[in-house]
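With these hints in hand, go ahead and build the complete structure from the sequences.
Be aware that the sequence shown starts at 370, since it is given in the numbering used here, and climbs by one per residue.
These are computed hints drawn from the structure, not numbers from a lab. Keep in mind that the hints are not guaranteed to be accurate.
To be verified - Computed beta-carbon distance windows for the label pairs:
hint : residue 1 : residue 2 : range
1    : 476       : 394       : 33 to 41 angstroms
2    : 373       : 476       : 35 to 43 angstroms
3    : 474       : 447       : 38 to 46 angstroms
4    : 405       : 374       : 14 to 22 angstroms
5    : 370       : 420       : 15 to 23 angstroms
6    : 381       : 480       : 51 to 59 angstroms
7    : 374       : 436       : 28 to 36 angstroms
8    : 462       : 383       : 24 to 32 angstroms
Just so it is clear, the structure is predicted and the values come from calculations on it, not from any experiment. Even glycine gets a Cβ: it sits at the ideal position worked out from N, Cα and C.
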Amino acid sequence: PFGDAIKLFSSEIIYPYMGNYNYYFICPVMGLLLSLFIWMIVPYSENLYIFNFGVLFILSCLGLGVYFLIFAGWSSNSKYSLLGCLRAVAQMVSYEVGLMIILLSGVLMISSLNLI
Numbered sequence: 370p371f372g373d374a375i376k377l378f379s380s381e382i383i384y385p386y387m388g389n390y391n392y393y394f395i396c397p398v399m400g401l402l403l404s405l406f407i408w409m410i411v412p413y414s415e416n417l418y419i420f421n422f423g424v425l426f427i428l429s430c431l432g433l434g435v436y437f438l439i440f441a442g443w444s445s446n447s448k449y450s451l452l453g454c455l456r457a458v459a460q461m462v463s464y465e466v467g468l469m470i471i472l473l474s475g476v477l478m479i480s481s482l483n484l485i
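Set out below in structure tokens:
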């Protein structure tokens, strides 16, 4: 595992030929930060803080992750990466619909958007 990590960090960085350099490198980082942002509202303790719209916040963050994926595929300026990106976006949207139905049915039974 450590040899693979050293190999990964010592490899050459490949820049896009005709792509948007800033979006190409910023979009994956922003997608990662958005995913880590969801962990900020996970209730570790009942008395730590009160966030009444936790489920809605998680669903919103999951929906915003699609846009970073679209920009990452578009920024490489390749039609094949854009097609692969659009396929991945279609898959993400399709699982989000089922996830929202399941979570919102639980919210309706509990009558609260609070995660605690």
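inquiry  = Against the range 33 to 41 angstroms, how does the distance between the Cβ atoms of residue 476 and residue 394 compare: consistent or not?
reply    = With Cβ atoms ~37 angstroms apart, the hint holds.
task = Go ahead and decide if the range 28 to 36 angstroms is satisfied by the Cβ distance of residue 374 to residue 436.
result = Given range 28 to 36 angstroms: holds, Cβ gap about 30 angstroms.
query = Does the Cβ distance between residue 381 and residue 480 fall inside 51 to 59 angstroms?
reply = holds (55 angstroms)
request  = Determine whether the Cβ-Cβ distance between residue 474 and residue 447 falls within the hinted range of 38 to 46 angstroms.
outcome  = Holds: the Cβ-Cβ distance is about 41 angstroms, inside 38 to 46 angstroms.
task = Mind checking the hinted window 15 to 23 angstroms against the Cβ distance between residue 370 and residue 420?
result = violated (37 angstroms)
query = Taking the CB of residue 462 and the CB of residue 383, does the distance hold inside 24 to 32 angstroms?
reply = holds (29 angstroms)
task = Given the range 14 to 22 angstroms, decide if the beta-carbon distance of residue 405 to residue 374 lies inside it.
result = For residue 374 against residue 405, whose Cβ atoms are near 20 angstroms apart, the range 14 to 22 angstroms holds.
ask   = Would you say the C-beta atoms of residue 373 and residue 476 sit inside 35 to 43 angstroms of each other?
value = Cβ of residue 373 to Cβ of residue 476: about 42 angstroms, so the range 35 to 43 angstroms holds.
Consistency with the previously given hints fails for number 5 only.
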